[in-house]
Every structure is written in structure tokens, then in C-alpha cells.
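**Student:** Work out the full structure, taking the sequences as your base and the hints as a guide.
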Amino acid sequence: MSVAAHETGKPSKGFRIDLKTAGPLVALIVLCILGYLLNPAFLNEGNITNILTRSAFIGIIAVGATFVITAGGIDLSVGSMAAFIAGVMIIIMNSAVDTFGVSIWTVVLGCGSSLILGIGAGFINGFLNTKAKIEAFIVTLGTMGIYRSLVTYFADGGTLSLNNGARDIYRPVYYESFLRIPIPVWVFIAVAIIGWVLMNRTAFGRYCMAIGSNEHVARYSAIKVDRVKTATYILQGLCVSLATIIYVPRLGSASSATGVLWELEAIAAVIIGGTMLKGGFGRIGGTVIGALILTSIGNILNLTEIISNYLNGAVQGVIIVAAVYLQRGSLRTGRKKSAE
Amino acid sequence: MSLKAIALGLLATSALAGAAVAQDTIKIGVSIPAATHGFMGGLNWHAAEAEKRLEAANPNIDLIIVTADGPADQASDLEDLVSVHQIQALVVLPFESEPLTEPVRAVADTGAFITVVDRGLTDPSIQDVYVSGNNTEMGVNSAEYMKTRLGEGDNIVILRGIPTVLDTERFDAFMGAMEGTGINVLDNKFANWNRDDGFEVMQDFLARFPDIDGVWAQDDDITLGVVEAIKQAGRESEMFVVGGAGMKEIVKGVMDGDPLVPVDVLYPPAQIATAMDVTVNHFISNGPVTGSYILGSPLITQENAEQFYFPDSPF
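Those protein sequence lines, which keep their order, are chains A and B.
Here the first sequence stands for residues 2 to 341, where the numbers follow our numbering.
Here the second sequence stands for residues 243 to 557, where the numbers follow our numbering.
Hints were generated in silico from the structure; no laboratory data involved.
Every value quoted in this text rests on a predicted model; they were computed, and no experiment measured them.
A few of these clues could be false.
What the hints assert, rightly or not - Reference listing, derived: stretches of chain B covered by chain A, where coverage requires no fewer than 3 residues with Cβ under 8 Å from a Cβ of chain A:
hint: 1; segment: 284-294
hint: 2; segment: 423-433
hint: 3; segment: 464-473
hint: 4; segment: 491-500
hint: 5; segment: 512-526
Each residue gets a CB set at the ideal place from its N, CA and C atoms; glycine is no exception.
**Tutor:** Quick look at the structure:
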């Protein structure tokens, strides 16, 4: 089934891709109109900036998740991994302040360690999945618990806070803008573009789709399945590390409450964007829109008094399901047309 | 260093728990939620501190602290405390009132002395002692402070916790005390006792309302997020924030005269220590200890902040 979708998507690239993109995009536009009608403040420059900046965390992680899911895997550990990396970064930077003093190098050291941790954590997930042959769901469920406990342990059950001096140097990474666009949004844009190129213009992207469609066929086609799958988890870890690097300067702290449910939000963004949960077909552009939809829902709910606070979760659920339905609807019409 | 100490402590506790202890030792089980939130982290720390202090002072008392990740987990903990440790008394902070009422009753049926902390059981007749913070007073004291700073026509926004009875008690008490003051409550939203959500909800309030004079954040984790959002918008001079609980960073800020967070309202994570003290007293004191102990939720101001400041606590 997913093979069929993949194949029909291929030959007539031109307008078929536009049709498929329409679902989530329409959902986002409808959501924006709704937001504006409920409260005109929705379209203020400040509010749009807030939405984009907030989307950056989930969006960057979701770009990585798109590769993992396209290759037929799943990563449930990303939220805990983000909290763990944030915690270790803060510990490292705080002790660096003791030795090197407050300088830009402290922050560079923190960011460097974040990248190493992210890549390492991704490698562990990928290695256990491919070499130890443990289901991705179980491996990442396990590491999810491990990382969450570790950050709680490091924080002694409380909160790890970044040294104030280091924080002042690091702060601009979240709060400053370049050409009126906040730095986190630039990072998000860069990650999305690189992700799109990797997915649509390289052999690696095609391998991911092939493995997700049918792992056995991919193996017989001489694709190095284990290596590619491990690479998707490493890519995921790298994305988590980048998201953490821009997350830490926001509040300068990490605790056991950091990144809770991010894994589900990232997976939701990927699915809303049109990637198939069972793998074989991935869309980076859709993932970006999916992340924007998720963040906008929360924002709109905060901008209105009409809906009872107790129903926030229900409204979010309805919109997520509706967005995916729109997406599936456009896929179905696309396939019918190709059959005709 | 401290990590090592904790590891050693854990080892020692489990060794003690496993070993057969002399007959006249009184075993008291302490069942609390795991440290998954700042306040619970503080509560866990205070429980561990109280254990050290009480065991050092009373060689015949053995306190066994167990932490749970959810109501079902906690019910299993209670069974273990009875069957494995054969406790004579239980100090319990129930995850949720309803599902834990019967498991605690089962412990009481073994003849154990029961102390319930913070979140009550649906059948209070099970407990011998009840120790709790005061959510109503917390709401009222926050409102009373708002009234000293604001007047008719001023605007406030409210960031609530998680939809629970505890949150509703605070909120209703606050709104009751604000009635008839002419101060406008612009809106209230849940920020889930979480600093990230506090940051985002406050950003949205700031985008929506050009004129805000005061913020009731109800919880210190939320407060930290709120403060960052206000600073980002450059509106520090327009408003002030009232949090709650007694997080050390916030209490320190109050001590140092932070104009943005001038006060805090106590909801003591140390209440678990009070409960453990009272329970131990049941065995060593010659006076009666049963009844309810409702701890105050005083306003923490620059003058009195020092007595609520625990720099070693994680919260």
C-alpha cells in the first residue's frame, strides 16, 4: 500500500505534489483565519514571531523524526533526550564557568557537548535497533525512561539552572533577531532546507523511503539498511541537540518537566504533514506546516475566552484529526486521478 | 560529591530495608510521589532531610521512604510496605484521592497509624492525622496582596495550574476575595505548573492585552516563565507577579527586593517533614497527636523571606 503511494507520487512530480501539499496547508490557512476572527491580535507581528519561534523546537525535532518515521522506525525518546541534553549542557557550562570564567567559550563548550550527546544518543538508539535487533518502539521507550530519570537525578528532583553570567552571554541565541527574524526561526529554516534536500535530492532520502516501504526488498537491492536506519536516528539526535541549543537560553534551566510529551508532538507534526506512520513516504515541507499547526492551536486557545479551559485538549485533538483527514482526503483524490 | 552521598544513602536504605531489624524498632513507611516536578523535588528533599534528622535523634525509629510515578504504582508501594516491611505507621501523600482511599484503608486495617498529607482521602475517617497546606488561604492571601497594590480599573491576568481540586480551591478563593474590588480579571489560562507553559501563556497574554498591572501565577515554576516573557516584551515596569509555593530562587529574589516579583505565597514543600515529625511523636511523645494540622500560607515579604529560604534544597 505504501509502496503504491510512493510509486504514484513519483512520475508526475509537477502538480501531484501540489495536490498533496494542499491538505495541511489548507488546514493551516483555515486555522489562521479562525485565529484572526477570534482575536485580531493573532496576526500582530509580535504574535506571529512568537508562534514561529515556539514552532522551532518541535519543528526541528520533527524534521529529524520525519527521517526516522519514513524509514519505518519511531523515536519516543526525543523529549527525554532534550531534557537530558539540556541538563548536561547546563552542568558542563556551570563547571566551565568555575574554570574558564564567564566567556563565549563556556557557551561554545556547552553547545559542542550538546552536539556530541545528541549524536551519541541517536547512535545508541539506532545501534540497539539495528544490531541488537530490538524493536525501535521498545528501544526508545527504554531510553525515554533512562534519560528522564537521569535528568531528575542530576537535578536532585529539582531544577538545574544555568549560571547567571553564562546566561547573559547565551541569552541572545534565543532572544535576538537577524533581519527581524529571531535566531531560532533561522535555525529552523536552515534545518528544514537541509532536511528537504536530504530527503528529496539525495540517495539517502530515497533509501529511507525504500526501507520504510519494504525493508526486505531494500536489503536485496543492496541498500545498507542497518547503516541507513542508524543514520536516521543519529540525524534525529542531531536535531534534538540543535533544538536544545536554542531551548536552553530561553529559560536557562532544565528539570524533569522539560520536554515532556515533545515526542508525541513531534510525531503528530510529522503525521499531520502527510508522512505515513508506517513509513515509506516522507514530506519535510508537510512536517514544517504540521509543527506550525500544532503551535498555532495552542496560541489561538490562549487568545480567546470562548472555549472552556478544560476543553483545550479536546479542541487540539479535533483539529489534529481534522488536519490529517484533510491530508488523507487529498491523497485519495490524487490516487483516483492517477487511476483514471 | 553530593551524587555519591545520595547513592550511598540509597544503598544504606535498601540494605537496612533488607536486613532483619531488632524487634523493638518502629517502622514507619513514607509513601510520596516521585520528584517529577519542582515542588515534588523539594518535598522529596525535605522528606530525606527529615528521615536523617529523625533517625539520628531516635535510634529505635526506622523511616522507609518510597516514591511512586502514579496512583497504581503508589498502591503497589503501599502493599510492599505492609507485606515486606510490616510497618507500624504510614505517612502518605496520595497521588490522587479517590484511587488511593481503599489501598490506604487496607494499610489501616493492619492496625497501622495513618498520617495523610496534602491531598486528602475520600474517607477521612481512615486517617489518624492529617497534615496539609492551605490552598484556600493561599488564594486569599494572594488576592489580599493584589488589593494592597491595585485599585478600581486595574487589570490582572491569572495563570492556573493543572485542572485539579487543589487548583480550583486556590482559584475560587482568589476570585472570591477579589469580588467587589473593581479590579478586572482579564482572563485565566492553565499553565500546568510548568515554566515553559508559563512562558508561552504569558507571551500570549502580553500580545492580547496592552494594559496589564498584575499577574497571579499561583506557582513559582510558572512564575519563572512569566518573568522571562515579561522581560522579553520589555514591560517589566508596568506590572508585578505573585507566585506561590516558596521556590528558593523566587524567595531569594524577594529577599533581594526584586520589583517584578515583590512577594511570594508559601505552600510549604516541607509539610512532609511536619507530617513525619507528628507521626514519630505518636510513638515517643506522652501527649496526643491525632487531628488535623493545617499549615499556614503566609505572605513571604522582603522582611521575613530569610526564614523560608533553603539554599540546599533543589526547590
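**Student:** For every hint, state whether the structure bears it out.
**Tutor:** These are the hints, each one checked on the structure:
Coverage of the segment 284-294 of chain B by chain A holds. Counting CB-CB distances below 8 Å, 3 residues qualify, and the rule asks for three or more. Figure legend: the segment 423-433 of chain B, annotated as covered by chain A; annotation consistent (4 residues with Cβ-Cβ distances under 8 Å, at least 3 required). For the segment 464-473 of chain B, the stated coverage by chain A holds: 3 residues have a C-beta nearer than 8 Å to a C-beta of that chain, and at least 3 were required. Remark: the segment 491-500 of chain B is not confirmed as covered by chain A, as 1 of its residues place a Cβ nearer than 8 Å to a Cβ of that chain, below the required three.
Counting residues of the segment 512-526 of chain B whose beta carbon lies closer than 8 Å to any beta carbon of chain A gives 0, which falls short of the minimum of three for the stated coverage.
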